[in-house]
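Asks: Starting from the known structure of chain X, fit chain F onto it as the hints suggest.
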Amino acid sequence: MIGLDIWMRENSLAYIWLGSYAVALLIFVIEIAMVIHKRKITLQQVRLMREAEDEAGDER
Amino acid sequence: MAINWFKYSAPTTFYGLAGKLIPWFALSAALLFAIGLYIGFVVAPVDAQQGEFYRIIFIHVPSSILSMFLYMIMAGYAALGLIFNTRLSAMMATAIAPTGALFAFISLWTGALWGKPMWGAWWVWDARLTSELILLFLYLGFIALHASIDDARRADRASALLAIVGSVNVPIIYFSVKWWNTLHQGSTIKFTGTSMHVAMQQAMFTMLAACWLYAIAIVLARVRSIILERERNTTWVSELPEVRS
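Here the protein sequences line up with chains X and F, keeping their order. First residue of the first sequence? That's 43 in my numbering, and the numbers climb one at a time after it. First residue of the second sequence? That's 5 in my numbering, and the numbers climb one at a time after it.
The following block holds chain X by itself, in its conformation from the complex (with noise of 0.2 Å):
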């Protein structure tokens, strides 16, 4: 923890951004990628559900 301590007086500027903004930005792109998948995700059952309703009035 000493070194540490050190560390981030001697590189305020380098442990500023690797540690907040640099997590910040990582949390901001995992969000938007679980948003993107969760998307294709849902487009892909809503189309699923719709090609088993065509199949559907087909059959009938």
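Calculated directly from the structure, the hints in this document are not laboratory data.
No farther apart than 35 Å at their CA atoms in a straight line, the calculated lysine-lysine pairs in the DSBU-like style are these: (1) F:11 with X:80; (2) F:120 with F:194; (3) X:82 with F:11; (4) F:24 with X:80; (5) F:11 with F:24; (6) F:24 with X:82; (7) F:120 with F:182.
Partial pick of chain F residues on the chain X-facing surface, computed with a CB cut under 10 Å: (8) 55; (9) 56; (10) 59; (11) 64; (12) 102; (13) 110; (14) 114; (15) 116; (16) 120; (17) 124; (18) 218; (19) 230; (20) 237; (21) 241; (22) 249.
Computed from a prediction, not measured in an experiment: that's the story for all the values here. We treat Cβ as the ideally placed atom computed from N, Cα and C, and that holds for glycine.
Replies: Just chain F now, kept in the frame of chain X:
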């Protein structure tokens, strides 16, 4: 020309509107993040007392503000859904919760990173910090409660109650630095003015605007998936170009 606002409270019309708005909000957010970071790290001077460490506030303060505002907006939508039984309100509340939770987490995380060099501790059981942690738990509770009930309308009602009751925590967070003797500093920016350097203010307000635009873009994108999921049995969803392709 009068705008019929109720038209956009229907998922059918809101879905299309949200799709058109997302790129504008996302691009504006990216641009403002770049400008805010440039001002914050290149233009803004070093603080006399805190040195470079104060630059954490450019992400910490906007995240904290967003975490509180998003909770109030989420509780507002949840209340609307509970009172008027509007479908879109509940969907909006559900879409806001994860983003609000992430902003609360970023606020706590960056606060800890600032606390270590300034206070000598990552965490203290200070009123401001503890009430912000409770806010994160409220967000997580809302998400977990909603996910644990299979019937979407029942889940909306149960989680809406939690959101409304939990909203009492937001004024506690805000006023905690006034009501109690806290280690956390009081508000630097007040209605009466501020002692902050102009460049520091510019960086903070630009980052705040960027966070707002990002939050709006991501919530709109998430609510579009929720609308699709909930309305999947309707004709208008099956006729959407992205579903037909």
